[in-house]
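Read off the chains here:
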Amino acid sequence: MSTPSSTNVRFNLRDKFGDWWEGTTRNQRVLFRAAVIVFFFILPFLDNPILGTNESDFSSVLFYPMGMFVIMAIGLNIIVGKSGILDLGYVAFFAIGAYTHAILNLNFGFPFWINVFLGMGFAMLAGLMLGLPALRLRGDYLAIITLGFGEIIRILAINFNFTGGAAGLAGIAAPPTLFGIEFVVDDPKPFYWLLLTLMLLVIWAYLRLVARRPGRAWEAIREDEDVAEFMGVATMKYKLWGFVLGGAVGGAVGAVYAGQVTSITPENFTLQISIMILACVVFGGMGNIWGVALGAALLGYFPEKLRFLSDTRILFFGLLMVVMMNIRPDGIIPRKKREKVYDKNTGQEVTR
Amino acid sequence: MDFSILWTDFASLLLDGIVVGAIYALVSLGYTLVYGVLRLINFAHSEIFMLGTFATLGVTMLLGFTGFEEPLGILAFLGVFLLAATVAGVASGSAAMLLEVVAYRRLRRNNANRLSSLISAIGASLFLVEFFRIITDSKDWDFPRLLDKNSLFQVGTAYVTADKIVVLVGAFALMIILDRIIQTTKLGRGIRAVSQDERTSILMGVDVDRVIAFTFLIGGVLAGVGSAFYMLFYEATKFNVGFLLGISAFTAAVLGGIGNIRGALAGSFVLGLIQQFSSAVLGYNWRDVVTFIILVLVLLFKPTGLFGEALQRARV
Amino acid sequence: MSLVKRTIGVAASVAVAFATFVAPAQAAPAGCDGDMKLIFQGGLTGSAAQTGIGEYNGFKLAVLQYNEKRGSGPKVEPGFIDTQADPSQTPPLALATVNDACVIGVVGGMYSGETRAALPIYLKGGLPLISPSATNETLPAVGGDVFHRVVANDGVQGPALAKLAGNQPNAKVFIVDDQSTYGKDLATIVKKTLAKNKQVGSDSVATGTTNFSSVVAKVRKAGANTVFFGGYYPEASKFVKQLRDNAATKNVKFIAGDGVLDNEYIKLAKKNAEGTSMTAPYIPMERADKKLTAIYKKEYGVAPAVYTLEAYNAAGFFLAAVKAGNDTRAEILNYINTNSYKGVGQTLKFDAQGEPATKVMNEFIVKSGKIEYVGAIK
Chain A
1 MSTPSSTNVR FNLRDKFGDW WEGTTRNQRV LFRAAVIVFF FILPFLDNPI LGTNESDFSS
61 VLFYPMGMFV IMAIGLNIIV GKSGILDLGY VAFFAIGAYT HAILNLNFGF PFWINVFLGM
121 GFAMLAGLML GLPALRLRGD YLAIITLGFG EIIRILAINF NFTGGAAGLA GIAAPPTLFG
181 IEFVVDDPKP FYWLLLTLML LVIWAYLRLV ARRPGRAWEA IREDEDVAEF MGVATMKYKL
241 WGFVLGGAVG GAVGAVYAGQ VTSITPENFT LQISIMILAC VVFGGMGNIW GVALGAALLG
301 YFPEKLRFLS DTRILFFGLL MVVMMNIRPD GIIPRKKREK VYDKNTGQEV TR
Chain B
353 MDFSILWTDF ASLLLDGIVV GAIYALVSLG YTLVYGVLRL INFAHSEIFM LGTFATLGVT
413 MLLGFTGFEE PLGILAFLGV FLLAATVAGV ASGSAAMLLE VVAYRRLRRN NANRLSSLIS
473 AIGASLFLVE FFRIITDSKD WDFPRLLDKN SLFQVGTAYV TADKIVVLVG AFALMIILDR
533 IIQTTKLGRG IRAVSQDERT SILMGVDVDR VIAFTFLIGG VLAGVGSAFY MLFYEATKFN
593 VGFLLGISAF TAAVLGGIGN IRGALAGSFV LGLIQQFSSA VLGYNWRDVV TFIILVLVLL
653 FKPTGLFGEA LQRARV
Chain C
669 MSLVKRTIGV AASVAVAFAT FVAPAQAAPA GCDGDMKLIF QGGLTGSAAQ TGIGEYNGFK
729 LAVLQYNEKR GSGPKVEPGF IDTQADPSQT PPLALATVND ACVIGVVGGM YSGETRAALP
789 IYLKGGLPLI SPSATNETLP AVGGDVFHRV VANDGVQGPA LAKLAGNQPN AKVFIVDDQS
849 TYGKDLATIV KKTLAKNKQV GSDSVATGTT NFSSVVAKVR KAGANTVFFG GYYPEASKFV
909 KQLRDNAATK NVKFIAGDGV LDNEYIKLAK KNAEGTSMTA PYIPMERADK KLTAIYKKEY
969 GVAPAVYTLE AYNAAGFFLA AVKAGNDTRA EILNYINTNS YKGVGQTLKF DAQGEPATKV
1029 MNEFIVKSGK IEYVGAIK
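Protein chains in written order, with my numbering: chain A, 1 to 352; chain B, 353 to 668; chain C, 669 to 1046.
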């Protein structure tokens, strides 16, 4: 993994954009950001045969799977892409958030907004409880532990009574009306906007975090854990933080999800979702938040867009994943590699 | 919760646990071999197994079995089963090699991130499952009863039947053959060399591409023959049959120490027994919870599995 | 890096993008100016596809036959939404269905989970739904007046099964479920209604279980002479085989619900299926109408699956409503709520909850490799 990849020398969206970004003024940047945000807020209205998903409702698809995948992939990216922990059970956090809202709302009447934070809290707690023993392990041992964890949460939900068993829970409250916008089941747009707002918050927090000490610590751990530890990075602490923070994102959106669909069952939280979210992260470009977001949006979008293939759509979706990974092994928008490499022809030091 | 079943039905639980473990072992070897040389979870390996079950079924269908005949005599059975197992082994082996070429080779040559290969494998896995779903009409397929399953003799509560003996003897024979191949042949040495240090083995003149192709071939053949045993034992298959079995087999490989062949064997039997006994005592629905807790505990005390990795190298 | 490689890469990306975006555009008029649409909701791909495809075929056959014989009646176009029987994939599809003004009714969902995920959306859109196979008891509470189902819910079938299991002298019943919504609910109700002294143990396996040997050991140890299985035929066939292959449990009576009532069950379990008792709120297509079964086989090349007939009849009810001159959702909903429909092998009539008004529960038994009708369970 530490060997320089020859693949990212090619056509590179990230660098093209990076060069352009460097040359912009402050005002241009503000304007650009505003334009992007506005674009995403009006996206549900841009439903047309070319962009939209014809067989399924576009604004609903924007909420789930697309929006949900994006925000979960960003959360998982903190775990996998930043701190290098291979997590195959991310859906557990999502499930914990969703069940927190469902159970607390149905049994004790807790309102949505409190449950979002509680869901986040419980997910963090679960992350801490799993992370403390498990994060001592490395690589694929951790992968199987996290995979097991994701499955266990689902199995527990089937086997306990307070989670509604296999039938799950129904009649979960939607968020209360906010600024005159009603959250109703047949209009996913407000939920999408809510998710988008949450997404902006997460991205903002993420960018602040990775630019500072934790970000550097995570990158050091990902590149070489032993060296990082040797250089004085408290690896366990930062890995745990990465795991818990990634889990918090999953918990928060889980509660939002429960509020939108109003009924959840253990079937909503299968291993396949964990795998999909991981695929989103790698497909987009591990470690690069913009790549991850794009990858997640695409992987959420394709199965819905491919519905016109009906019987064979998942077949083509699988093929697409193989082909895309072969064409762009580091993802659509790979992260910038920090290591310095010497060009073999000129002997000059180059940063790739 | 009923602990008394532990001793009242000990013999039957033990026997079935070992038989299930033997089938896990043949599949988990594929995971562990590929992991050994490539440091890669071959996510599509479970689909290679699934393909084998359908190849086995295909052979019996071509031979004209409808499933309602009387079981075969021992010689006729051996002939039919050997043919089916061979075809399944060849089919799965070649599919595994093809998979390596299509899903992994280019990524490996580009020194791509390990996770990229994982996603490529997931894609291949989705493709294979859906492909087989479509060509098999999404149905459950039954396999004819080739062998009389009446009890030959009884040990405690365990009824020893011919199919269990075939599975056990066959699986152990394969494991010994595999061990000999890895230990004594040139390609086996190649596999061991590449597992230890890929770069140095290139310097030493090992044809890495060949070794890797061979590894996939062995893993595929084992899964294919394993699938024939599986069909003999369970007598049914479906396009998604690989998923749950694959998770169990992979767990077994990790439990034993992934990359370590003997570890995978031990892990498989241990896992088969854990599953069998925990589901008898606590109920089948708690089986995976128990397995998970034991896995966590084992890894806490032995972070590289029961038998440790073949190669003690830290990796991310 | 060669230019060729780069070009190929870009070309492939473009080709993929092109293939993806140039999907056949669907005309979506504000009102509806095309034909009326009847939609099937269920899993047509993924692991539950077999049941889903069977139901969809039954549904399609009904619409096809209607269109052939409609005379001057309005044409109805059959459509589908493929949820993969996955509740998380359902809402976008359900919403698109509601937003399509041409859709006048939904046949589906196939399983309770996906049905419940869709019901609040259909309820808002006033879109009537008749489910052929979702049997969870809680559905009417979520679906209000748009919800209907062809088959009696688990609350009816459970006690019937308990009766079947318990009415033999000195019955010792071991109860197993597959942890699906259907199987687990059924097992829970059987546990509640069957006399406690007749229950000797229980276990829960999972959908996709192949190895039942630990369950068999428990059945043996409990000394059960009857095993109830709440679940579907793929697991049931493996379970019954493993029970029969074990000398200690080979004579137990095997009892299951309508999830097992399928010819595939006999095909998979072979002679081990012999003697299996099953309950169902309906009659399978092969029994109900040989001619229709033949037509079905000719049309789709496969035998009807579980609930195929239910889907056929559910579609039939909608089509009868259309034939009677109703063409809006409200009219059709009203028609379904107030009328009855004589389908093949069963008469559909719904009570205020959307449950079938006549809750027939039939008993079947496997005899000489065939499913035989025994009679109604009173």
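Derived from the structure by calculation, the hints contain no laboratory data. You may find that some hints are simply not true.
Derived list of chain B stretches under chain C, where covered just means 3 residues or more per stretch with a C-beta under 8 angstroms from a C-beta of chain C [claimed, not checked]: (1) 360–371; (2) 487–493; (3) 540–549; (4) 575–588.
For lysine-lysine, the following BS3-like pairs were computed, each having C-alpha atoms within a straight-line distance of at most 25 angstroms [said to hold, decoys possible]: (5) LYS1035(C) <-> LYS491(B); (6) LYS889(C) <-> LYS840(C); (7) LYS491(B) <-> LYS840(C).
The C-beta atom is built at its ideal place from N, Cα and C for all residues, glycine as well.
Hint-by-hint comparison with the structure:
1. 360–371: Holds, because 5 residues of the region 360–371 of chain B bring their Cβ atoms closer than 8 angstroms to Cβ atoms of chain C.
2. 487–493: Answer holds; 4 residues pass the 8 angstroms Cβ test.
3. 540–549: Per the Cβ count (0), the hint is violated.
4. 575–588: holds (count 3)
5. LYS1035(C) <-> LYS491(B): Holds - the C-alpha atoms of LYS491(B) and LYS1035(C) are around 23 angstroms apart, at most 25 angstroms.
6. LYS889(C) <-> LYS840(C): The given pair, whose Cα atoms are some 12 angstroms apart, holds under the 25 angstroms limit.
7. LYS491(B) <-> LYS840(C): violated (34 angstroms)
Hint compliance for this structure: hints 3, 7 are not met, and every other hint is.
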